[in-house]
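**Student:** Listed below, chain by chain, are the residues.
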Amino acid sequence: MKFENQAVRDDGSLGVTRRAVFHTGAALATVTVSSMVHAQAAPAGTSPDAGGAPLAPELPPQRMAITLDINGQARQLTVDTRTTLLDALRENLQLTGTKKGCDHGQCGACTVLIEGRRTNACLTLAVMHDGQAVTTIEGLAQGDQLHPIQTAFLKHDGFQCGYCTPGQICSTAGMLAEVKMGMPSHVTRDLNAPAGPLTDEEIRERMSGNLCRCSAYPNIVAAIKDVSGAAA
Amino acid sequence: MKAFSYERPDTPEAAAMAAARPGARLIAGGTNLLDLMKLQIETPVHLVDINRLGLDRVEATAEGGLRIGTLVRNADLAADARVRKDYGVLSRALLAGASGQLRNKATTGGNLLQRTRCYYFYDTARPCNKREPGTGCAALQGYNRIHAVVGASDQCIATHPSDMAVAMRVLDAQVETVSATGARRVIPIADFHRLPGNTPHIETSLQPGELITAVTLPAPIGGRHVYRKVRDRASYAFAVVSVAAIVDAADGRIRSARMAFGGLAHKPWRVEAAESALIGSTFGDATGAAFQAAADGVLAGARGYGHNDFKIPLVRRTLQAALNEAAAG
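In order, the protein sequence lines correspond to chains A and B. Going by the working numbering, 22 is the number at position 22 of the first sequence; the sequence numbering is gapless. Going by the working numbering, 329 is the number at position 329 of the second sequence; the sequence numbering is gapless.
Treat the hints with caution; some may be incorrect.
List of simulated lysine-lysine pairs, DSBU-like, C-alpha gap at most 35 Å [stated by the list, open to error]:
1. A/K225 / B/K85
2. A/K225 / A/K155
3. A/K100 / B/K2
4. B/K2 / A/K180
5. A/K100 / A/K225
6. B/K38 / B/K85
7. A/K100 / A/K180
8. A/K155 / A/K180
9. A/K100 / A/K155
10. A/K180 / A/K225
11. A/K100 / B/K38
For the record, the hints were derived by calculation from the structure and aren't laboratory data. Only a predicted model underlies this, so the values are computations on that prediction, with no experimental measurement involved.
Isolated chain B (complex conformation) (with noise of 0.2 Å):
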């Protein structure tokens, strides 16, 4: 690890402020910033302490939704029993991720803010436009078993590793922010992570030392809540393609169908138009033709790239499941 200077501000406009500095990182839970620090594929020079902020409560919001505060832990906000109740869907992806030591310590914003897994990122030998910009991607040509099927480009083909941030995508969660110049914003989640086209170091419309300050959700969505994850192992490993979905049927038939997918892209995948697919379709029949252009609809421009072939089918596969479990109830 390269040696770096450590503060921690007592108020968030104050650590937007310090980690605004050139080379300075915020640092919550640390889990994966630490990994990667050791690793000297992050380097910062200044670590800015966002612990000891507050901003760790679950709180109702005037339009019924709920405001999670940046630093509520995974572990409890998957316990919350509002989130357990209303927000099924949430509790399941966050449960369906990590271990419990690292949930108990991982954060809702650093869940957000977490990097790719792809193999050629954490080695340093290699050549990859995200650690370094320009030098090109060793996963195009290379073992991309785990690698993006839709929205990747030429420059990268790295997935976002996070089940959390998919059903934040489900949810239309938005995202709170307060920068260096205390100025406050909120991003709604669909524009939070940035697909890699040209420039796949910049992962998030966060500008530098921009701080989260909470993850709001809206009013609850009703219907069946799904989280179906497929990972190489039953438990402690990341998604190969993952599916959240809120299903709402009445008298057998889908009234409202929303979707999103983990594992496929650079960021958490969600197709609306594709859901409008499955309205009026019989819940249940994963395998007509309204489940199909739905399917379709979401793999629109998919392309593997050798070894995440697999991923196109089941994608599919993973889908259809998910859609039956939740006509199971």
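Chain A extracted, bound-state conformation (with noise of 0.2 Å):
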């Protein structure tokens, strides 16, 4: 264990170095200099890894410039490696119509658009995205002109409170594109014939990562069916 720490300690040059590479943002500089390091470093470690306590010493903390494609802008940050996705997007960029609900990927609240797909932005790091494109809530009006989701979620009263109404739209945005791609769900009947309509089931199905405690699922799934007839 000793002898461990100690080999990581030599290895401390390093992470100099990739403070000060990071701060360049330069993705591909990144990369390239520390698989550089690591071709140098012999592999250590006849543990398993497997979780439980890390044989190697704890680190401060670590900082990385990374651009993000925010709504169509280009957003320059430079964020501790642990920020997640909503994190980055609420604390970093002050864009605070995504929601943090329970921040362990089960409730829907954080849903946002990475390269079109639907994702939890709780559980992933704003690193892993550099020069990806993240679409969120504030993205998808023109100007003052609403989404149709957006505009079919207020004609239905497709919420109560508003809490997880950010994430339901994003996840709506993303579902509908998904069943325009022809992608099955868990109570679509047959796999291999063509996408049938979005029935109430299909869409109860497919929005299941969703939830809402204000119960108003009723009235969210007729704001969906709505505007999944008029995007067909």
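From these two lone chains plus the hints, build me the complex, please.
**Tutor:** Written out as structure tokens, the structure reads:
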């Protein structure tokens, strides 16, 4: 244990180098330099890598410069590597439309679109998305003109307290795109038939990752059904 | 979350080498690892992000099967036209798991490596031999409704939570890996996950740093493909019991049957010897002697720990339902 700690400390220059490089914000350079460092480091550690206490000492906070394309705008920021995409949006970029519910990927309040695919922003790191496109609830409307999904939620009163609503709406946008691509769901009867209509059963199954503690589900389903017909 | 350094290598070999460092962890979808890091159940000091290594395609193999890159997302694998047509049990298992958002992020390799949802593994105030070897198992005398009934030990009664892995097991998938030395090997799925024994913290046969590059499927296995999952709510819940079955029949009689089970053990549970009991029996008769012999074979040595006793009869009923579903087409 002591020996292994020492071996990692001998690697200390690595930490300094990486931090210096991270501040350049060049992902390619980061990868190149850290790969070089690791190429020199002998693979150490014989214990199976299966949780429990790490064999290496704790590190001070590590920061890294990244660029995110947020709602069509390039945003540069420097974040602690631990920063989730959700916290980067809310705390670093002040885009508080995306909500933090459970922070463990269970409620869907933090749903955003990453490269067009709906994702729980709480269960991914900002640094993992350097250079990628993120669409949040703030990016759906065109100025004062609401997105059709937003209009449908208003029309059908698809919320009560509203906290889960940004996640519901972003998830709907991603879900409708999945349907358009012909992706099946758990309740799809025939995996090989062309996609059928978006029934209530399909909507409920496909939206099961978005919880609403006010239980506005009937109106959420009605809003989605309405907008899916409009989109078809 | 504890602080960690982060890198994004550009080859699988470099990733494996980086991941072999003490305290390093590979990250792909991260939907399980980051959750555990927030709770400080996993405390890596270095994260090796493999998301941009490629390895995200489904390709035909020379043997007539499919090679699924480790980074193929669960949603994309479930929707792949070849998987839907020839490996329906895999599509169905994937679609029965998690939520739309999680399936968009979770990867093929990562799904195999996800960790148990045992409450006591998650509760750092309680002993857990998997989380902290040698501390004991709080589930044995605790609330063990979701726990194993076969293959468990007095050190650990946790179950493997994956649906996908159960389908991979019934399909006899193979796991392709590369190690820190650049060596490649192929691990049959049957040997990939381990039973807990005295080392419940060692969950797979992977070596430190060894990186899954792909999972391969054999040529299509004919017959009816069924994935039947029993859970506490209709969607977005882990299996209490699940069955992946592929049954081939002619003239109303079963010619071959494969069945693997989720929610029962520390790994996808399959007893090949039990499957042969069904051969020649009437397809659709999930009550007769052949069925009973098959179910007995699957459950050989089964025992409950109190709250999970119900799983043993539930396995029979779920298998019965799966076979009826297969017969009904």
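**Student:** Mind listing which of the numbered hints don't hold for this structure, in increasing order?
**Tutor:** Per hint list: 4 and 6 violated.
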